[in-house]
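Colleague: Okay, here's what each chain looks like letter by letter:
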Amino acid sequence: MYEYADFDAAFVRRRNAQFRAQVERRIDGSLTEDEFRPLRLMNGLYLQLHAYMLRVAVPYGTLSAAQMRQLALIADRWDKGYGHFTTRQNIQYNWPRLTDVPDILEALAEVRMHSIQTSGNTIRNVTADHFAGAAADEIEDPRPTAELIRQWSTDHPEFQFLPRKFKIAVTGSPNDRVVTKGNDIGLRIVRGGAGQTGYEVIVGGGLGRTPMVGQVIRPFLKRDDLLPYLEAIVSTYNLMGRRDNKFKARIKITVFENGMEAFRDAVEARFAQTRKDFSGVSSRKIAEIARHFALPEFRTDSVAAYDAARRSDPVFRSWCDTNLAAHRAPGHAIVTVSLKAHGKTPGDATSAQMRVLADLAERFGHGELRISHEQNVVLPHVHKSDLPALHAALKQAALATANIGLASDIIACPGMDYCTLATARSIPVAQGLATHFNALGLEREIGQLKIKISGCINACGHHHIGHIGILGLDRAGVENYQITLGGDHSENLVIGDRAGPGFAYDEIIPAIERLLRAYLALRMSGDEPFIDAYRRLGAAPFKAALYPAEAERDAA
Amino acid sequence: MSRQFTPKIVTANALIEGDVVYFTADDRWSRRHAEAELIEDEAHAQLRLIRAVRQQDVIVGAYLADAMAGPDGPEPIHFRESFRTLGPSNYAHGKQESTHV
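Residue numbers (this note's numbering), protein chains in the order written: chain A, 1 to 556; chain B, 1001 to 1101.
Bound-form chain A, shown alone:
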C-alpha cells in the first residue's frame, strides 16, 4: 500500500501547524470570519446547518486497516461515533468543534491522511475505481496514476485559485465504476495499437445544475505525456474559464461555450510547452509508485467450503449473489460491504463498524479497504474459502445487508439534514424507500436498479445518472421532489430525463412504488432490468404510472 513520502508527511504537518495557528487567531479575533473562511475551507472544514463538518480525503478510495481504525478513533473522540462516506470517496464528520479540528488533523496525519483540497476551487481528491487492482476486467490498476495526480495537484502553486472546483477520476477498466464522463477530467486506461497502455482523456463532464457528459479530447495519450497534458488542460481552463459567474465557471461550460475544437486547440498549444518541462517524468514516477501497489500474494486453496456454504445457507447465498464481484485471481472475490442497511443512513458507518471492517480486512483481506462512490465499503481481495466466516462476522456487526445494486442500495447526499446548500432532505427519502420496498418484499423481484437522490441541484447524490433520480427542491416553502428517469452512471453515461411535475415529501415513496409496479408489469421477463425495460418502452408508460390522473385525462 502506498505510503506518503517524507516530503508529503512534512508538508501535511506544516500545514496542520499553520491551521492550528489560524484557528487560534480566529478565536482571539485577529482573523475575521471572512478572512478565516477560505483558510478553513482549504483544510476541508465547512460550516453546515447544525455544526461544522470536516471532509477528509480518502485518496482514490483506498484505506489501510490502520487508517480505518484511526477514522473510528476520531469519530469517538471528537465526533458522535460515526462517519459519513461520500460520493467522492471522502469521509465526513458532521459534529467537530472548531477548537478540536487541529487535533483531528494531527490524528489524521499520524496515519498519513489529511483534509487538504477537499474543498475550495482546487483540484479535489482524485477518485478511482473502487475495485482497482482486484477487478477481473481491469487493464491496469488506476491508483498509481491517481497517486501521481495527487502528488502533482497537491498545493500546485498555479491551481489553488481555479475558476471553480476541479474533479478528476481514473479507471483502469472498460466497465467504468467511477463516472469518468461526469468529472471535469476523466481518465480511462486503454491499450494502444502496439499493446502499450495509455489514457483516453475525457474532459468537460459534470453533474450539478448544468449536467453534461464529458467528451473525449484525446483518444490515446501516451503515459509519459500524462502530467504535461493534464497541466495543459488545467492551465488552459485556468485562463479561459469564466470567473464572472460562479454557475458558469466549471470546465464543462468552458468547453461548451468555446466548443471542443477551440478548447482542444488551446490545450494543444499549451501542451507543446508543458511537454518540454515534464519530459519523461510521468512514466518513471508511475513505475516507482506502482511498486507500492503491488498485489498481495493470492492463495490457491480449495473453494470447497465456499461451495458447501452456498448450498446449505440461503442467507449466505443471497448475500454472495448481490455483494460479490469477479476477482482477477482464481478462487478470490471482491466483497462489497453494504452501508445501506434498510432504514439506515446511506454511507454512514459507526466507529464500531469501522473497527470491525478494519479487523476483517486484516483477517481476510490483506489489510486493505476501499470506499466506493456508491457509499459502500469494499474488501477487494478475499479468498472464497473465507467468505462464510467473513459473512458471519459482518452479520454480527449489522453489515451483512445483501442489497448491492438493488433498490435499497441508494446514493443519497446529506441533504437538508446537514447541508447548508440543500433545498430539501434526501436521507429520510432514502430511508423510507429502502424500508418500504423491503417491507413489500419486492426488492429481489425488482432486481438491478440504481436510485440516486440529491437534496439540491448541485447533484452530489448523482440524481441525473440514476436509473431513477430524485431531486429535492424547495417549491414555495415546501419540500418537493422531481423524478428523472433513464439515467446511466456507467461508461455510457446518460443524463436522465425529467419525468414531470414534482411530488410532495409524503407523495414521493408512493410515486416510486407506482413506477416500479408498472415496471414489474411491463418487463418482458425477470431478466430484464428496469433500465432495459425503460429503454425498450420509452418514458410514456412510466410517466403514466407516475401521473395516473393525467394519463386518465389524456386517454379520455
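No lab work stands behind these hints: they were computed from the structure. Don't take every hint at face value.
Claimed, not checked - With a Cα cut of at most 20 Å, we get these calculated SDA-like pairs of lysine to any residue:
hint : chain 1 : residue 1 : chain 2 : residue 2
1    : A       : K80       : B       : S1089
2    : A       : K276      : A       : H391
3    : A       : K80       : B       : H1093
4    : A       : K80       : B       : Y1091
5    : B       : K1095     : A       : E528
6    : A       : K80       : B       : T1085
7    : B       : K1095     : A       : K276
8    : A       : K543      : A       : E528
9    : A       : K80       : B       : F1079
10   : A       : K80       : B       : D1066
11   : B       : K1095     : A       : T420
12   : A       : K276      : A       : A309
Claimed, not checked - Listed next, with one range per pair, are the computed distances between beta-carbon atoms:
hint : chain 1 : residue 1 : chain 2 : residue 2 : range
13   : A       : R498      : B       : D1041     : 48 to 56 Å
14   : B       : H1078     : A       : R209      : 49 to 57 Å
15   : A       : R13       : B       : I1016     : 43 to 51 Å
16   : A       : S318      : B       : S1098     : 33 to 41 Å
17   : A       : I27       : B       : Q1096     : 21 to 29 Å
18   : B       : I1050     : A       : G477      : 25 to 33 Å
19   : B       : H1078     : A       : N458      : 15 to 23 Å
20   : A       : D244      : B       : I1016     : 33 to 41 Å
21   : A       : R209      : B       : G1061     : 20 to 28 Å
22   : B       : I1016     : A       : A66       : 26 to 34 Å
23   : A       : D301      : B       : Q1096     : 46 to 54 Å
24   : A       : P510      : B       : I1050     : 41 to 49 Å
25   : A       : M260      : B       : T1024     : 38 to 46 Å
Heads up, the beta-carbon is just placed ideally off N, CA and C, and yes, glycines get one too.
With chain A held as given, fit chain B onto it using these hints.
Modeller: Showing chain B alone in chain A's frame:
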C-alpha cells in the same frame, strides 16, 4: 402601499461548536428559537443584524430569517429554519440530544 414586512429573527451559528443560535432582545445568543427577539420592523431588523454581525468572537454567519409569533415565543416559518431548531432527522443529534446545552 408597501408590501407587508414578514417578522424576522436574527440567527447564526456558534463560533466554537457551530450550533444554531438566536439573537435575543437583550443581546444574548440563545440556543432556543423561542427566545429570539421577534423583529416586526424592517429598519429595526437591519440594525439588529448589524449589531449581531459585529459579535464575530462568538458567532458565524448571522442572517435574518422569517418567523412568526407563537404561544411560547417566535416560531420558524420555513422548513429549513424548522430543521435548524432541531437537528438532523436521521439521528437524535444536535438540539434533540438530552445533553445538548
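Colleague: So, for every hint listed, does it hold in this structure?
Modeller: Hint check:
no., hint, in the structure
1, A:K80 / B:S1089, "holds, 15 Å"
2, A:K276 / A:H391, "violated, 53 Å"
3, A:K80 / B:H1093, "holds, 8 Å"
4, A:K80 / B:Y1091, "holds, 10 Å"
5, B:K1095 / A:E528, "violated, 47 Å"
6, A:K80 / B:T1085, "holds, 19 Å"
7, B:K1095 / A:K276, "violated, 58 Å"
8, A:K543 / A:E528, "holds, 19 Å"
9, A:K80 / B:F1079, "violated, 25 Å"
10, A:K80 / B:D1066, "violated, 31 Å"
11, B:K1095 / A:T420, "holds, 17 Å"
12, A:K276 / A:A309, "violated, 59 Å"
13, A:R498 / B:D1041: 48 to 56 Å, "violated, 42 Å"
14, B:H1078 / A:R209: 49 to 57 Å, "violated, 21 Å"
15, A:R13 / B:I1016: 43 to 51 Å, "violated, 24 Å"
16, A:S318 / B:S1098: 33 to 41 Å, "holds, 40 Å"
17, A:I27 / B:Q1096: 21 to 29 Å, "holds, 27 Å"
18, B:I1050 / A:G477: 25 to 33 Å, "holds, 27 Å"
19, B:H1078 / A:N458: 15 to 23 Å, "holds, 19 Å"
20, A:D244 / B:I1016: 33 to 41 Å, "holds, 36 Å"
21, A:R209 / B:G1061: 20 to 28 Å, "holds, 23 Å"
22, B:I1016 / A:A66: 26 to 34 Å, "holds, 30 Å"
23, A:D301 / B:Q1096: 46 to 54 Å, "holds, 50 Å"
24, A:P510 / B:I1050: 41 to 49 Å, "holds, 48 Å"
25, A:M260 / B:T1024: 38 to 46 Å, "violated, 57 Å"
In this structure, the hints that do not hold are numbers 2, 5, 7, 9, 10, 12, 13, 14, 15, 25, in rising order.
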